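*Asks:* Using the sequences and the hints, build the whole thing.
My numbering numbers the first residue of the sequence shown as 8 and each following residue consecutively.
Treat the hints with care, since some could be wrong.
[To be verified] Each pair of labels, with its calculated beta carbon distance range:
id	residue 1	residue 2	range
1	L40	I66	41 to 49 Å
2	I30	L67	32 to 40 Å
3	F69	F12	29 to 37 Å
4	I72	F52	53 to 61 Å
5	T39	K70	48 to 56 Å
6	D37	V59	37 to 45 Å
7	V59	G38	36 to 44 Å
Rather than coming from a laboratory, the hints here were simulated on the basis of the structure. Only a predicted model underlies this, so the values are computations on that prediction, with no experimental measurement involved. Think of the CB as a built atom: it goes at the ideal place given N, C-alpha and C, for glycine as much as any other residue.
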Amino acid sequence: MKNFFALIIFIIGSGCAIIYNIIGSEVSSDGTLVEPFFLIPLSYFFIAISIVIGLLSVILKFKKINDEK
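*Replies:* This is the structure we're talking about:
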């Protein structure tokens, strides 16, 4: 279940990165940059959390296997 949770969070993070690239950025007529910048740190956050959860899941699984021996 933890791996499934990590996968869902990874997909959300990847989705944020993809949506950022699809929306893109542009310079408005008054010279200001218009972009969905909030999606960049959100994607990094979700991907990092999914990696941590995935690694913890693998470590706990190996620990459980070694304890049974």
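*Asks:* Check the structure against each numbered hint from earlier and tell me which ones fail, lowest number first.
*Replies:* 3 and 4
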